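Undergrad: Start from the sequences and build out the full structure, keeping to the hints where you can.
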Amino acid sequence: MHTSTKLPAIAVRDLTCQFFTKRAQTTALTDVSLDIQPGEFISIVGPSGCGKSTLLKIIAGLVRPTAGSVELLGARVEGPQRDVGFAFQRSALLEWRGVRRNILLQAEIRGMDRAQAERRADYLIEMTGLRGFEDALPHELSGGMQQRAALCRALLHEPPVLLMDEPFGALDALTRETMNVELNRIWRETGVTVVLVTHSIAEAVYLGTRIEVMSPRPGRIVRTLPVDLPRERAYGPTLATDVFHGLAAEIRDLLGASSAHD
Amino acid sequence: MSPSSPQQTGFPAEGPAHTPDSAHTPQRDGAAPESPGAGPVGRRLPVRPDAAARLARVAEASWRPALLLGVLLFVWWLVAWQELVESYLVPSPGDVLDVLADQRSELMSHTWVTTYETLIGFVLAAGIGVGTAVLIVYSKTLERAIYPVILFAQVIPKIAIAPILVVWFGFGMTPKIVLAVLIAFFPVVVSSVAGLRSINPELLELSATMGASTWQTFVKFRLPGALPHVMAGLKVAVTLAVVGAVVGEFVGAQEGLGYVLLASSGNLDAPLLFADLLLMSAIGIVLFVVIELAESLLIPWHASRRDGMALTTT
Ligand SMILES: Nc1ncnc2c1ncn2[C@@H]1O[C@H](COP(=O)(O)OP(=O)(O)OP(=O)(O)O)[C@@H](O)[C@H]1O
Ligand SMILES: [Mg+2]
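If you're matching them up, the sequences are chains A and B in order.
Residues in the first sequence are numbered consecutively from 1, following the working numbering.
Residues in the second sequence are numbered consecutively from 1, following the working numbering.
Hints listed in this document are in silico derivations from the structure and should not be mistaken for laboratory results.
Treat the hints with caution; some may be incorrect.
As the list claims (entries may be wrong) - One side only, chain B facing chain A, incomplete, derived with CB under 10 Å: (1) E205; (2) G211; (3) P300.
Said to hold, decoys possible - Label pairs and their calculated CB-CB ranges: (4) G79(A) - D50(B): 52 to 58 Å; (5) P148(B) - T27(A): 35 to 41 Å; (6) R54(B) - F19(A): 49 to 55 Å; (7) R23(A) - A145(B): 29 to 35 Å; (8) V289(B) - R64(A): 47 to 53 Å; (9) F19(A) - G131(B): 32 to 38 Å; (10) A145(B) - T16(A): 37 to 43 Å; (11) A51(B) - A115(A): 35 to 41 Å; (12) D50(B) - D122(A): 27 to 33 Å; (13) Q154(B) - D122(A): 49 to 55 Å; (14) R23(A) - I159(B): 44 to 50 Å.
Nothing here was measured: the structure is a model prediction, and the numbers come from that model.
The C-beta atom is built at its ideal place from N, Cα and C for all residues, glycine as well.
TA: Shown next, in the form of structure tokens:
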């Protein structure tokens, strides 16, 4: 499937990450290696606490690994990366800014063209169903609405790489489906490289071109599953395919075998 | 259908799933859109109360303290009227009012002097305090150097250094202002440091992925988030600044409420003394209210400033 000779968009080599706190030493990741080609959509699933968020933060240069290296778009990651859009697990909105101004923060800091950024912000607000809440402060929003606002912010500058940490975790089922369909469309239209962490097996399979299944802490990649589905995927029909069912069952087995819960 | 959708159990509460057009609800009544880049000030109120409702709220907020004050005044009046205490010790409210009326212009000018010293002292303390807090938060070295000195300066009783200040700066306003600064400075530093440190680490990560400069991170992330703490510190500081100015006037002054207080107690002029006390507390209260107003303009988004929520928790 990836016969491309291009440089990988993200190359993760033998990552190990340990955290030292006063009370304990935690090994979050051991020997994680990944090659992600431009335009791929990687879904990462794994039990809670296995290091998925840590992996994303290492790719973005926000956490320094204990060992191993990451290359992003051909350059070694040594510090925080600007070329990514990051959707944090907790939406990380500025409490004092309304939805629209939270989204436009991205443009302000990057010095993007104001008018163009505003047009794009309005488009994203419309797309994520936040119309009518442009001026609402984060505390006036539901958890799902906060996540959608954070998603708009991560997409505003059309980053070449999108790192998403359970971006839809707080959404109701139907909104989540809509957002999945939208994300699939955005990904196809922009050719962005996506790494998505999710706890939803359906979401992982519907969106991914490849699924990485991780073990409980210390996190390793226990299985890589290519998703043999076309890039354009209608929601209902895709979920009805044998490919979908087969993969979902396999992931379920892998997660069930590796952890008692989830 | 699929065995693999554990999340698919929610209700379609809201969202664009079905009716993207109906998301266009006129939820907020055309509140003027915030002007871009207008700083961290959200001007929008959840519900705009009309004049009557606002008046009702003010009345609701003030009848209890007003009642308590009324009772206290009555007790005071009763004590003086029955001459339970000698009138040169506790004057009657009427005598005090007479003094306030008779010596109006003189008292006003003393009040103004003290207010001026307090204000200058407070503004300096706020500026120096926030600035010091920024240095402490951004530099470990400076933190280690500055914090112990500040603490040392704080534990020296300020009243004890007032005479030295007079020796150094003379009998003008300077020593009073310096004293006000010294007293008001500490709470500003402590609360500002707490505020600047209280930022959610994930917001710093966010600013890093945006490629924000140190300055941008400070202005757009840290400072607005620190404002609730800073404002709390300023409220304490403004009342302490009054104390500083008055204490400064005790030591050597020809004007100001502190000076009047010393003079009137020397003359056993109880009505003047009480009038003077009233004016001092009036300064503190007015300045406090001004800071409260500033706070409601600066941080309407903060939990301490939200209202109108029908919560059942206490
Ligand atoms: N800053 C930190 N300091 C210390 N330990 C940390 C830190 N960040 C993460 N850890 C630890 O690393 C492990 C992996 O955390 P991580 O957040 O990456 O898990 P996760 O896979 O994202 O879990 P979840 O699905 O619940 O979000 C956890 O055991 C956590 O306690
Ligand atoms: Mg996580």
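Undergrad: Now tell me if each hint is right for this structure.
TA: Status of each hint after checking the structure:
Given the 10 Å rule on beta carbons, the hint for E205(B) holds: about 5 Å separates it from the nearest Cβ of chain A. This hint holds: G211(B) has a C-beta 4 Å from the nearest C-beta of chain A, less than the 10 Å allowed. Interface restraint check for P300(B): the shortest CB-CB distance to chain A comes to about 9 Å, inside 10 Å, so the restraint holds. Between G79(A) and D50(B) the CB atoms are about 53 Å apart, so this pair conforms to the stated range of 52 to 58 Å.
Against the hinted window of 35 to 41 Å, the Cβ-Cβ separation of P148(B) and T27(A) comes to about 39 Å, which satisfies the hint. For the pair R54(B) and F19(A), the supplied restraint of 49 to 55 Å holds, since their beta-carbon distance comes to about 52 Å. Roughly 31 Å separates the CB atoms of R23(A) and A145(B), a value that falls within the hinted 29 to 35 Å. Roughly 49 Å separates the CB atoms of V289(B) and R64(A), a value that falls within the hinted 47 to 53 Å.
At about 35 Å, the beta-carbon gap between F19(A) and G131(B) stays in the expected band of 32 to 38 Å. The given range of 37 to 43 Å is respected by A145(B) and T16(A), whose C-beta atoms sit roughly 38 Å from each other. The hint said 35 to 41 Å for the Cβ distance between A51(B) and A115(A), and at roughly 39 Å that hint holds. A hinted range of 27 to 33 Å holds for the C-beta pair D50(B) and D122(A), which are about 32 Å apart.
A beta carbon spacing of about 52 Å between Q154(B) and D122(A) agrees with the range 49 to 55 Å that was offered as a hint. With their beta carbons about 46 Å apart, R23(A) and I159(B) fall inside the hinted range of 44 to 50 Å.
Checked against the numbered hints given earlier, the structure satisfies every one of them.
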